[in-house]
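**Student:** Could you put together the complete structure from these sequences and hints?
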Amino acid sequence: MSLQPFQVIPRLGSEGEPLDGEQLEISMGPQHPSTHGVFRMDLVLDGERVIRLKPVFGYLHRNHEKIGENMTYLGSMPYTDRLDYFCSLTNNWAYALAVEKLAGIQVPERAEYLRVITAELTRLQNHLSLAGFLLQDMGASGTPLMYAFRQREKILDLFESLTGARMMCNYMRFGGCRCDVPDGWLDQARLVVEEFPRFLDEFQALLDENEILMSRTQGVGVLSSALAVNAGVTGPMLRASGVNYDLRKVDHYGIYDRFSFQVPLGDHGDVYDRYMVRVLEMRESLKILESALRTLPPGPVLDPKTKLRGFRPKPGEAYGRIEAPKGELGFYLISDGSPNPYRYRVRPPSFINLTILEDLCLGHQVADVVVILGSVDIVLGEVDR
Amino acid sequence: MESLEQIKLWIEGAVPDARIEIVANPGPAAQHSLLVGLDQAVPVARFLLEDSRLRLDYASNVTGVDWPETMLKEKRKVKQTIDGVEREIEETSEHVRPGYLEVVYHLYSMALKQGPVILRLRTRDRTASARVPSLTPVWRGAEFQEREVFDLFGVLFDGHPDLRRILMWDGFRDFPMRKDYTPTPEVEPVPAPIP
Chain A
138 MSLQPFQVIP RLGSEGEPLD GEQLEISMGP QHPSTHGVFR MDLVLDGERV
188 IRLKPVFGYL HRNHEKIGEN MTYLGSMPYT DRLDYFCSLT NNWAYALAVE
238 KLAGIQVPER AEYLRVITAE LTRLQNHLSL AGFLLQDMGA SGTPLMYAFR
288 QREKILDLFE SLTGARMMCN YMRFGGCRCD VPDGWLDQAR LVVEEFPRFL
338 DEFQALLDEN EILMSRTQGV GVLSSALAVN AGVTGPMLRA SGVNYDLRKV
388 DHYGIYDRFS FQVPLGDHGD VYDRYMVRVL EMRESLKILE SALRTLPPGP
438 VLDPKTKLRG FRPKPGEAYG RIEAPKGELG FYLISDGSPN PYRYRVRPPS
488 FINLTILEDL CLGHQVADVV VILGSVDIVL GEVDR
Chain B
22 MESLEQIKLW IEGAVPDARI EIVANPGPAA QHSLLVGLDQ AVPVARFLLE
72 DSRLRLDYAS NVTGVDWPET MLKEKRKVKQ TIDGVEREIE ETSEHVRPGY
122 LEVVYHLYSM ALKQGPVILR LRTRDRTASA RVPSLTPVWR GAEFQEREVF
172 DLFGVLFDGH PDLRRILMWD GFRDFPMRKD YTPTPEVEPV PAPIP
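Residue numbers (my numbering), protein chains in the order written: chain A, 138 to 522; chain B, 22 to 216.
If you are wondering where the hints come from, they were derived from the structure by calculation, not from laboratory data. Here the structure is a predicted model, which means the values were calculated and not measured. Warning: the hint list may mix true and false statements.
Said to hold, decoys possible - Simulated pairs of lysine to aspartate or glutamate, EDC-like, Cα-Cα distance not exceeding 16 Å:
(1) A/451 / A/473
(2) A/291 / A/332
(3) B/100 / B/112
(4) B/96 / B/109
(5) A/203 / B/209
(6) A/386 / A/421
(7) B/98 / B/111
(8) B/200 / A/473
(9) B/96 / B/115
(10) A/424 / A/331
(11) A/203 / B/201
(12) B/98 / B/109
(13) B/94 / B/115
(14) B/200 / B/146
(15) A/291 / A/331
(16) A/424 / A/332
(17) B/98 / B/115
(18) A/191 / B/191
(19) B/134 / A/388
(20) A/203 / B/195
(21) B/200 / A/206
(22) B/96 / B/112
(23) A/191 / B/183
(24) B/134 / B/23
**Tutor:** Take a look at the structure:
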């Protein structure tokens, strides 16, 4: 394990002189189907090999943090949906957790269960979409993505009947959740969770041993565990490199210590491991969901003592973080006693996971860059903020 | 996790001329932080990374905070003798706290699963040449985040490998996250008045 970046070995001619042949600079993106949004990469190619790569982003920048500083604490909650628009519920949770730490708010038990249920459903649908898009990037046009989206739609239906929106859920509040589940929702959720493993079996049978998937992903974009830790990579990308660090196990935020689940780890750190870790994480999420839906206690969903409107926490600061589907999502808040935060900071996981994109891609071909970027799992709403 | 006082003692033992101060956090979160002098920031960071009791190998969150120049009011009770009678009088003294920019690092240990230790670096002033040493050579995870702090707050990081704007475009001149930032009409056009 070394932190040395990939060395480009200059090709030498018969006399030992460097052959500085065809080097091509290309700008890939920002409007490109494989860049998952408006994302650009400045590539320098030697033939087909990548010898330099600089990610360029900021096309969606709207200074989310400045908006947050000019908003009341409650007013920022719907804006957090727009960070990682695939996983609005985990964004809500991370923000609510930071505010709860800042003001010392307790959360009722039923709300904690509802948070776990919605967060794990979010994880399921995020990993599903990722697997579908990854295959789409490899040229498996349509089938895996549509299979994944068919199943994701059932989860989004659950979100819609619970929160009123499929993607911009705006569901959590400091001290609990906005509303209780509607009648019949739990049965519907149980049905989705029960039939999910059968879908996952089918999905894995289609893909896991697929020759094209294996040859395009195994040994591609290898990330060493030492570099992953030093570069602050988190989430499934870190665990695919064999580092056992899952905030649900480390921080035990919420009530995650009550559920038994395992943390899947990869041992090569390549794109295939990142795909496989996410598939296995879905199986573990199903275990948590099954147990949480079975043991959901009755009670209030919002701490009655919390004042949502006119909310003024005491001066101080807090950093709250959760294990979002893409990695560690943190919120850092400084309060000066006024109704809006003095400093509002989002620690976006996919922004920081992009740090090592160049290290992963050097020496590979352009077609592999597309696959490697797909396996990093970025959402530009969160990267650019 | 050891207490911050203990960590401060360890740092002072390993890096003799380090200037460390504990900044208290009055809120319920009670996440206190260490204010590190700029001259010894890199050796202190390297010690935190390499010390076997701490092993803070993961720089989770790096961010800036802008503290403009403010007038601080302080109330004191003073005993004065007026007309031969001793009385207690409340006196208000005002003094100006000079403005500075702050860079905050939240450090965790993935190896020992502990944390956070919060480091703060303060620039000397809020001018365009406000600078702190970069900790990217110690934690690569700070690379993009320090670029973001440079881009939005205007803190120059000495020793950063690739200090460029990251979210705003290259020709942009201002620092939007500073508290006194007002957008120029080119950036945010003023709407024409409705006749």
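**Student:** Run every hint past the structure and note whether it holds.
**Tutor:** Here is how each hint holds up against the structure:
{"no.": "1", "hint": "A/451 / A/473", "in the structure": "7 Å, holds"}
{"no.": "2", "hint": "A/291 / A/332", "in the structure": "11 Å, holds"}
{"no.": "3", "hint": "B/100 / B/112", "in the structure": "10 Å, holds"}
{"no.": "4", "hint": "B/96 / B/109", "in the structure": "12 Å, holds"}
{"no.": "5", "hint": "A/203 / B/209", "in the structure": "15 Å, holds"}
{"no.": "6", "hint": "A/386 / A/421", "in the structure": "13 Å, holds"}
{"no.": "7", "hint": "B/98 / B/111", "in the structure": "5 Å, holds"}
{"no.": "8", "hint": "B/200 / A/473", "in the structure": "14 Å, holds"}
{"no.": "9", "hint": "B/96 / B/115", "in the structure": "9 Å, holds"}
{"no.": "10", "hint": "A/424 / A/331", "in the structure": "10 Å, holds"}
{"no.": "11", "hint": "A/203 / B/201", "in the structure": "12 Å, holds"}
{"no.": "12", "hint": "B/98 / B/109", "in the structure": "6 Å, holds"}
{"no.": "13", "hint": "B/94 / B/115", "in the structure": "5 Å, holds"}
{"no.": "14", "hint": "B/200 / B/146", "in the structure": "14 Å, holds"}
{"no.": "15", "hint": "A/291 / A/331", "in the structure": "12 Å, holds"}
{"no.": "16", "hint": "A/424 / A/332", "in the structure": "13 Å, holds"}
{"no.": "17", "hint": "B/98 / B/115", "in the structure": "14 Å, holds"}
{"no.": "18", "hint": "A/191 / B/191", "in the structure": "14 Å, holds"}
{"no.": "19", "hint": "B/134 / A/388", "in the structure": "9 Å, holds"}
{"no.": "20", "hint": "A/203 / B/195", "in the structure": "14 Å, holds"}
{"no.": "21", "hint": "B/200 / A/206", "in the structure": "10 Å, holds"}
{"no.": "22", "hint": "B/96 / B/112", "in the structure": "6 Å, holds"}
{"no.": "23", "hint": "A/191 / B/183", "in the structure": "11 Å, holds"}
{"no.": "24", "hint": "B/134 / B/23", "in the structure": "13 Å, holds"}
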